[in-house]
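Novice: Sequence:
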Amino acid sequence: MRLVTRLLICSLFLFACSLNALAETASRTPAKTVRVGIVLSVGGLGDHAFNDAAYAGIQKLRQLPGCIVDVVEPGDVAAIESGLEFLAARRASLVAAIGIFANEAVRRVASKYPDVPFVLLDSVVELPNVMSVLFNEEEGSFYAGAFAGLLTKTQNIGFLGGMVSPVISAFEKGFRNGIAFVNPQAKLLIEYAGDTPEAFNSPETGKKLGLKLAAEGADFVYHAAGRTGLGLIEASRRSSFLVIGVDGDQSGLAPGKVAASMVKRLDVALDTAVRAVLENRFKGGVLTLGLADGGIELDISRFNAGLVTPLITQRLAEVEAFLLHRTPASQSTSGSDRPGK
Numbered sequence: 015m016r017l018v019t020r021l022l023i024c025s026l027f028l029f030a031c032s033l034n035a036l037a038e039t040a041s042r043t044p045a046k047t048v049r050v051g052i053v054l055s056v057g058g059l060g061d062h063a064f065n066d067a068a069y070a071g072i073q074k075l076r077q078l079p080g081c082i083v084d085v086v087e088p089g090d091v092a093a094i095e096s097g098l099e100f101l102a103a104r105r106a107s108l109v110a111a112i113g114i115f116a117n118e119a120v121r122r123v124a125s126k127y128p129d130v131p132f133v134l135l136d137s138v139v140e141l142p143n144v145m146s147v148l149f150n151e152e153e154g155s156f157y158a159g160a161f162a163g164l165l166t167k168t169q170n171i172g173f174l175g176g177m178v179s180p181v182i183s184a185f186e187k188g189f190r191n192g193i194a195f196v197n198p199q200a201k202l203l204i205e206y207a208g209d210t211p212e213a214f215n216s217p218e219t220g221k222k223l224g225l226k227l228a229a230e231g232a233d234f235v236y237h238a239a240g241r242t243g244l245g246l247i248e249a250s251r252r253s254s255f256l257v258i259g260v261d262g263d264q265s266g267l268a269p270g271k272v273a274a275s276m277v278k279r280l281d282v283a284l285d286t287a288v289r290a291v292l293e294n295r296f297k298g299g300v301l302t303l304g305l306a307d308g309g310i311e312l313d314i315s316r317f318n319a320g321l322v323t324p325l326i327t328q329r330l331a332e333v334e335a336f337l338l339h340r341t342p343a344s345q346s347t348s349g350s351d352r353p354g355k
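So the sequence shown is numbered by our numbering: it starts at 15 and just counts up by one.
The hints are simulated quantities; they were obtained by calculation from the structure and are not laboratory data. It is possible that part of the hints are untrue.
With beta-carbon atoms standing in for the labels, derived distance ranges [claimed, not checked]:
id : residue 1 : residue 2 : range
1  : GLN199    : ARG76     : 22 to 32 Å
2  : ARG251    : PRO79     : 15 to 25 Å
3  : SER254    : PRO142    : 44 to 54 Å
4  : ILE82     : GLN169    : 50 to 60 Å
5  : ALA319    : THR168    : 15 to 25 Å
6  : ASP129    : GLU218    : 43 to 53 Å
7  : LEU59     : GLY231    : 34 to 44 Å
8  : LYS167    : LYS126    : 31 to 41 Å
9  : ALA103    : PRO198    : 11 to 21 Å
10 : GLN328    : PRO142    : 42 to 52 Å
11 : ASP84     : PHE317    : 13 to 23 Å
Under the rule of at most 30 Å between Cα atoms (straight-line distance), these lysine-lysine pairs were calculated in the DSSO-like manner [said to hold, decoys possible]:
id : residue 1 : residue 2
12 : LYS201    : LYS222
13 : LYS167    : LYS187
14 : LYS167    : LYS126
Note that the structure is predicted; figures quoted are calculated from it, not measured. C-beta: ideal position from N, C-alpha, C; glycine also.
With the hints as constraints, model all of the structure from the sequences given.
Specialist: Encoded structure:
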């Protein structure tokens, strides 16, 4: 389909350009070796979401001349700090961490090593040597909500979050607004898996809540729940609802059952931070990546392409245009801002 193809081509082109820029920079400074250390988030590799998306970006970095990447996979939140300490003590050129559960650890370790650059993905620590890269998950979730709102037949749509936090609340808010933007009659059913970090690492809970949402009539369920979302996807195999995945492309986990994924381009974020180090222009601060920056995208599964008619494609293009050109005052989901039916 043209919309998705265009988005994917643009994203691939942007990343290819940035990868080439990195390679060119590295070739101009062949004597410089960049050692990047990254501490993954709780849940670890195999979550088919944030950690795996980060690891895909790491693999691309490893292709660059002179770029060495060390990866620490913490067993729990407490292990994040020791991982950061280990990497910073080795005087890494850049130390990376992921998510809100790394906040305090990054704050403490970055304060202890003020000459070491840190990048924190998907959360914020305000220190001179910390680059905080946020993704506009509210914008991406809005797009996902519009997708579900246009395709729902039951007028019941589900949202499964890990635990309540500012980031996950932004997912929920954006998804709700995206649904209302195209289909104000649809109802949003909400479930959260728990109130501790373990809520992102419980596939069994995800399966149970997925079946509960299906029993309540949801025919699309969007999740922001890490490994817990794997249970939701498993539940979809036993029911008629379709899943909208998150962070990475999850369509391969259940072909035909994961209709789309709201992808956060961690590879783009890591690329941005490493390039800043290579070019000696790294500085602390907050950078937000959205649809216009190639930092997020809605990846519609090729297994479900038949759901997306030319009319749906047109409507999604209208939603994309709204997101790309809106101002803060235009974020309302009511009135003439809503695309025609």
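Novice: Which hint numbers doesn't this structure obey?
Specialist: Result: hints 1, 2, 8, 9, 11, 14 break, sorted rising.
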